[in-house]
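> Listed below, chain by chain, are the residues.
There are 2 protein chains.
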Amino acid sequence: MSRCADRQVETGVMKNIAEAQLIALDWGTTSARAYLMGRDGDTVAERNSSLGIMDVAAKAKAESLPLALAFEKALAELCSDWLERFESIPVIACGMVGSQQGWAEAEYRPVPANLADPDYAMASVQIAPNRLMHIIPGVLDRKELPDVMRGEETQILGAVELGGNALQEAEEQLFLLPGTHSKWVKVNGRTITGFSTSMTGETYALLSSKSILSKLIEPTDAVDWNAFERGVRIAQSPAGSADLMLTAFSARTLVLTGGLEKTEVSDYLSGLMIGAEIRSVLGMARGTAFPGVTICGNKELSARYAAALKIFGIDQVHEFQGTAPRGMWAVACAQGLVQTTSV
Amino acid sequence: MSRCADRQVETGVMKNIAEAQLIALDWGTTSARAYLMGRDGDTVAERNSSLGIMDVAAKAKAESLPLALAFEKALAELCSDWLERFESIPVIACGMVGSQQGWAEAEYRPVPANLADPDYAMASVQIAPNRLMHIIPGVLDRKELPDVMRGEETQILGAVELGGNALQEAEEQLFLLPGTHSKWVKVNGRTITGFSTSMTGETYALLSSKSILSKLIEPTDAVDWNAFERGVRIAQSPAGSADLMLTAFSARTLVLTGGLEKTEVSDYLSGLMIGAEIRSVLGMARGTAFPGVTICGNKELSARYAAALKIFGIDQVHEFQGTAPRGMWAVACAQGLVQTTSV
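As they're listed, the protein sequences go chains A and B.
Just so you know, the working numbering puts 113 at position 113 of the first sequence, and the rest follows in order with no gaps.
To convert, count from 1 in the second sequence and add 343; that's the working numbering.
FYI, nobody ran anything at the bench for these hints, they're computed from the structure.
Do not take every clue at face value.
[What the hints assert, rightly or not] Covered stretches of chain A, going by a simulated chain B footprint (3 or more residues, C-beta under 8 Å):
| # | region |
| --- | --- |
| 1 | 114-128 |
| 2 | 144-151 |
| 3 | 238-249 |
| 4 | 255-267 |
Cβ coordinates follow ideal geometry from the N, Cα and C atoms, glycine included.
If we strip away everything but chain A, and leave its shape as in the complex, we get (with noise of 0.2 Å):
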């Protein structure tokens, strides 16, 4: 990979590199983005690439490389440029380079997970003689079947700061973060007090690509809104309420008795497995109302997240994007690494 382009890299930005507080990586399977921040909080550049921890661990291998070294070089790739001009600002990342699989394992972090602890230790990874990558752990729900979180996190304290007073001092927020593995996060203030993941994303694109249903399916270029919410309110209903096991293959009965377009059955089978796990996810939240969801993820999943929440009657729902880089500003300096001037 050639030297990753910045985004956002403008004029009036050059400026606030000049005082850049903080190097923040956030670090996952997949990919791995370096964001540049400046005085008060904000990104004043930023680095996507494809040097998740899988593709590092498979340049390791090629190489015959040591994971760390590996490690080190991706680092170098990513930002060495940053590294060497701003030789003295701390640098943290979170994500999957905390794993088992990652750079240094982070331990996860029991619930309740007060996520501005200042006291809560971060690992570390020596990345020069004189300096450190710190890395914020995950947290582990440690319930009858446990659950755990990498990123997340991270994620949603950001979104916590960007929300101020609403969501900093509320009781009880349900946070969604919808992806491969979405995250349903009950969250109270800054503190995460307990969490399930629902594995939709990962199955819909395996029942999608590789069942017999994806036999059916013709796609679109857009997103077929009726034939999603369609599929949600079937989910929502009785004649939908068995295991996804048993009403997906409604997206193929459904087809061959000329109910459906082939061209409607992807949209159909996403809104009927986002269906499925709304309905379950407020089935175990029994006894709990929640008024909203704060939903932290790209815009595509996100809004169809919220148009399927609101056919369950949740309205209240607010979004944010790319929060990782604030969550891990505030990380920074709850623990002292960068001093807040806005205060």
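Keeping the supplied structure of chain A fixed, place chain B upon it in accordance with the hints.
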């Protein structure tokens, strides 16, 4: 493919072969089985091949043959010797050979479907100047989420024939045909009154070979029944009552937190999925008490379902294997294609 070898063709059986009354074909998506049936409806010779309709379609495409001609060739490859030697006995088939992608479409019959109805029309294709191959139609349950089967109806009829009065005069029996797409079927005597399909087998294959869960699986030689039953019990418990998309992640998190061995993941997941399927089916049948379940399927899968049903309090499980030929014999009798001498 070279000529298929006959099974069970021993001296004692040869005599019966000379009295063959019916050639019966269980012709599915990935395999075709041919049976030569004697005067009493017993199988006197049997052949398996991989010439399922997918294979035939692939050959037609590769050799630029019309599909019908490719099916003729496949039939000849399978049993031209039987067709020549017994040139006047009827030929009957069931399964996906009667689907839109098969040789000739046999339109679904709606429920309630009396499988031994002498008057319902079978589809047919001409296989020689004066000879037809009759194709048994599948069954359609036209409910809000419609459901379809092809071939399973014939297995059910075969099991009812073999099951004697207990099944033939039963008012409301629950049948299970486990497999890639398992079928749960309500049967009244010889009449199918309704059914549901669960994509458990296919979803299990995808999750255990292609998803993040697959990375943790260490294969074992034998079924780990403890791990399987643990999965079933969790699916039955409040902690596991959410949709499979939410509970499946526990196959990963239990390993991460030391609660499950990697060698247990595969059977734990199998139990979790079969348990979720049974929980859903029993939930859908609310109000109907099923004292027992009749399972038609391969031994290994049937044993898993029988063990899981027992955990759900259903002890009376009857197992049948290989009932399709007997079902085709019963249809051939009902339709007057063969004359029974045993009554």
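> Which of the numbered hints above does this structure break?
Result: hint 1 breaks, nothing else.
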